[in-house]
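Q: Now for the letters of each chain:
Number of protein chains: 2
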Amino acid sequence: MSKSIFTQHQRSSQCDARRGEVATKHGIVQTPVFMPVGTQASVKAVTVENLVDIGAQIILGNTYHLFIRPGHELIERFGGLHGFMNWDRPILTDSGGFQIFSLEELATITEEGATFRSHLDGSKKFLSPEDAVKVQESLGADIMMCLDTCIPYPADRSQTVESTALTGRWARRCREAHRKKEQLLFGITQGGMYPELRKESAETLIEIGFDGYAIGGLSVGESKQQMHDMTEATVAHLPDEQPVYLMGVGTPEDLVEGVWRGVDMFDCVMPTRNARNGTLFTSSGKVVIKNSRHREDQAPVDERCGCYTCRNYSRAYLRHLFVSREILAYHLNTIHNLYYYLNLMQEIREAIEKDSFASFRNDFYGRLEGE
Amino acid sequence: MSKSIFTQHQRSSQCDARRGEVATKHGIVQTPVFMPVGTQASVKAVTVENLVDIGAQIILGNTYHLFIRPGHELIERFGGLHGFMNWDRPILTDSGGFQIFSLEELATITEEGATFRSHLDGSKKFLSPEDAVKVQESLGADIMMCLDTCIPYPADRSQTVESTALTGRWARRCREAHRKKEQLLFGITQGGMYPELRKESAETLIEIGFDGYAIGGLSVGESKQQMHDMTEATVAHLPDEQPVYLMGVGTPEDLVEGVWRGVDMFDCVMPTRNARNGTLFTSSGKVVIKNSRHREDQAPVDERCGCYTCRNYSRAYLRHLFVSREILAYHLNTIHNLYYYLNLMQEIREAIEKDSFASFRNDFYGRLEGE
Chain A
11 MSKSIFTQHQ RSSQCDARRG EVATKHGIVQ TPVFMPVGTQ ASVKAVTVEN LVDIGAQIIL
71 GNTYHLFIRP GHELIERFGG LHGFMNWDRP ILTDSGGFQI FSLEELATIT EEGATFRSHL
131 DGSKKFLSPE DAVKVQESLG ADIMMCLDTC IPYPADRSQT VESTALTGRW ARRCREAHRK
191 KEQLLFGITQ GGMYPELRKE SAETLIEIGF DGYAIGGLSV GESKQQMHDM TEATVAHLPD
251 EQPVYLMGVG TPEDLVEGVW RGVDMFDCVM PTRNARNGTL FTSSGKVVIK NSRHREDQAP
311 VDERCGCYTC RNYSRAYLRH LFVSREILAY HLNTIHNLYY YLNLMQEIRE AIEKDSFASF
371 RNDFYGRLEG E
Chain B
11 MSKSIFTQHQ RSSQCDARRG EVATKHGIVQ TPVFMPVGTQ ASVKAVTVEN LVDIGAQIIL
71 GNTYHLFIRP GHELIERFGG LHGFMNWDRP ILTDSGGFQI FSLEELATIT EEGATFRSHL
131 DGSKKFLSPE DAVKVQESLG ADIMMCLDTC IPYPADRSQT VESTALTGRW ARRCREAHRK
191 KEQLLFGITQ GGMYPELRKE SAETLIEIGF DGYAIGGLSV GESKQQMHDM TEATVAHLPD
251 EQPVYLMGVG TPEDLVEGVW RGVDMFDCVM PTRNARNGTL FTSSGKVVIK NSRHREDQAP
311 VDERCGCYTC RNYSRAYLRH LFVSREILAY HLNTIHNLYY YLNLMQEIRE AIEKDSFASF
371 RNDFYGRLEG E
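Residue numbers (the working numbering), protein chains in the order written: chain A, 11 to 381; chain B, 11 to 381.
Keep in mind that the hints are not guaranteed to be accurate.
It does not matter which identical chain is meant; a pair holds if it fits inside one copy or across any two.
Unchecked claim - For lysine to any residue, the following SDA-like pairs were computed, each having C-alpha atoms within a straight-line distance of at most 20 Å: (1) K54 <-> Y318; (2) K54 <-> R335; (3) K300 <-> L84; (4) K54 <-> R286; (5) K296 <-> N284; (6) K54 <-> G288; (7) K134 <-> E267; (8) K54 <-> I337; (9) K300 <-> Q40; (10) K300 <-> D131; (11) K209 <-> R321; (12) K300 <-> G81; (13) K191 <-> E379.
Keep in mind that the hints were calculated from the coordinates and are not lab data.
Here chain A stands alone, though its shape is the one from the complex (with noise of 0.2 Å):
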């Protein structure tokens, strides 16, 4: 068992949601936190020092992506992640895991490992939950995450059992392979949409120990509900004492839900690919910015909202750069993006710390239903 890495500074009278920090070798994260995706070694259209302003803590990177391109021992020679993309608060990187199966038609898994094709040159590839660990530590990921295999949706409970415990036997390996233990490993339960294996996912992997726990597998076609019951089916059994990651989510409503049922840190491109297509998340919900409603709208995309893009520009101007298809219409809309995650984020943080996040909630749901 690792020591814990997770304090808790408040728990919500209201619900499970809590306040509390994470402690990594390029620094504190506070939680509960949303965290950008660098898929690529730079998160799309902004710099480091727009992530600074815009507030990010941590950002996350995809182990599938570097390590096909420009490949981790390159990265590991320019001082990792860090030194390779000029970024020195945390970071985190994912598996590969899910990359491998949702890109790659021709994966297959075998007990040893997945081997897929590299989706620039069709090349074989093989990993093994050692080598994912492996290209983490050279990408000097402050956060490591085991190698899962990913459950299609809907799954029967046959396949699902299957694939739960080799995610398990994976994560086994994956603790023994762990050399660099200032670079964290979290496990990643799994369990589909039955209850009892996400109950049984997480007590393999707690019997195992790591330093924080993911729910994988959500956000991959089931509803709402199914998403909220299989999160606080995988919660109910996870210890208070580390953090909780729920893998690939999701919208505004999803990361409020999620908090509200005991989660810790979030990621998803949401906010990032929306913004290149033109959807703008806003205190009263989405904005289509290629709209012609848009096109004399000389009122910022959000009044609420503090970012360079809103204090700026009018949403005009974001239209016309956006139908002109001009590269500042994705750099803009983006740092208004990821901005309005994060500050949500900060206002999350501000209500558990008042013990008010019900009546944030009820604001929230307010503000979006009043347009």
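Got chain A sorted already, so can you dock chain B onto it with the hints?
A: Just chain B, lined up with the frame of chain A:
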């Protein structure tokens, strides 16, 4: 005749280079100056803050593009280009002539003006010399350009005579249509590759009287020697008391040679466009960043460069971003190339002040040949 808006500080004892300043309603521009191009109300891939950091004194907007989208009336309602795009330093707008003739195969010119089709929706448009001034007044340009006709290269003498004469008649109409005198109006000399027509064109425009004079119709396919000869043939007949602008030029070498011959102002898409194509300018020549020899190169693009990109990123990282098609590649490359151009102009201004431009020019070529 307008009052002069140009102050000459120094004239080189070695050549026609001069150090001066141009006064506009948004401030003073130190010359010789390079103006980054912001075609669609955005200098591609950078923010206005980046431009200020890099040292941009004045930027260029393209009347044709803004006339087509989002329209000058809309921009006028947003406080002109300055308010719309959040830039409070001087702006020069071209007249639209060059784009009409270069983007529109079906453009037709009559005595009255230019008829063309929008490159966006094919709709028929008409722009007279009077319209060109009115549109630029709406855009709020500090420096506006007369509508001119473009002469193909090569062109025979009679075609050049006819087109240059029409440019002269249009210039007179622009001058008469010019109402907002705090927005300066420059005339554009033509004359193709015929020195005596260059002289005639300059004399015609001087007789009308403008705030400054541009040299048009160069960098269209002629040799470097022809470009230099036509620049000399024009500058020789322009008044010392007003700024000289060489339009659409050029490479770093072209800037040095233009300044040598008495040019005060330049604009070109080369630094920004090349940045997006992965070609970076350095003190020792061009670097093609995708080249595999940069794969593991820990050095910055240019050891002599003080830009944000060179201070923080390796060639290897920039290569990774470029081959991965990350938007950050275009951003960091553009910052570097614009800094290179603007720093070159800064060094040129200092050299003229010290009356050492000839040795600066020798050193400049010496470094280029160094690799």
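Q: Each hint needs a verdict: does it hold in this structure or not?
A: For each hint, the structure was consulted:
Proximity of K54 and Y318 under a CA criterion of 20 Å is satisfied in both settings, with 17 Å inside one chain copy and 18 Å between copies. Within a single copy, K54 and R335 get their C-alpha atoms as close as 16 Å, and across copies as close as 10 Å, so both meet the 20 Å cut-off. When the C-alpha separation of K300 and L84 is checked against a cutoff of 20 Å, the pair qualifies only between copies, where the shortest distance is 16 Å, while the shortest distance within a copy is 40 Å. Both within a single protomer and between protomers do K54 and R286 lie at most 20 Å apart by alpha-carbon distance, with minima of 9 Å and 16 Å respectively.
Taking identical chains as interchangeable, the C-alpha atoms of K296 and N284 lie at most 20 Å apart only when both belong to the same chain, with a minimum of 10 Å there against 36 Å between chains. Taking the shortest Cα distances, K54 and G288 sit within 20 Å of each other both inside one copy (14 Å) and across copies (18 Å). For a Cα distance limit of 20 Å, the shortest separation of K134 from E267 qualifies neither inside one copy, at 40 Å, nor across copies, at 54 Å. When the C-alpha separation of K54 and I337 is checked against a cutoff of 20 Å, the pair qualifies both within a copy, at 11 Å, and between copies, at 6 Å.
Proximity of K300 to Q40 under the C-alpha cut-off of 20 Å is found in neither arrangement, the shortest distances being 35 Å within a copy and 39 Å between copies. Taking the shortest alpha-carbon separations for K300 and D131, only the inter-copy value of 17 Å comes in at or below 20 Å, while the best intra-copy value is 35 Å. For the identical chains of this complex, K209 and R321 are neighbours neither inside a copy (47 Å) nor across copies (50 Å), given an alpha-carbon limit of 20 Å. Proximity of K300 to G81 under the C-alpha cut-off of 20 Å is restricted to the inter-copy arrangement: shortest distance 16 Å between copies versus 38 Å within a copy.
Taking the shortest alpha-carbon separations for K191 and E379, neither the intra-copy value of 47 Å nor the inter-copy value of 51 Å comes in at or below 20 Å.
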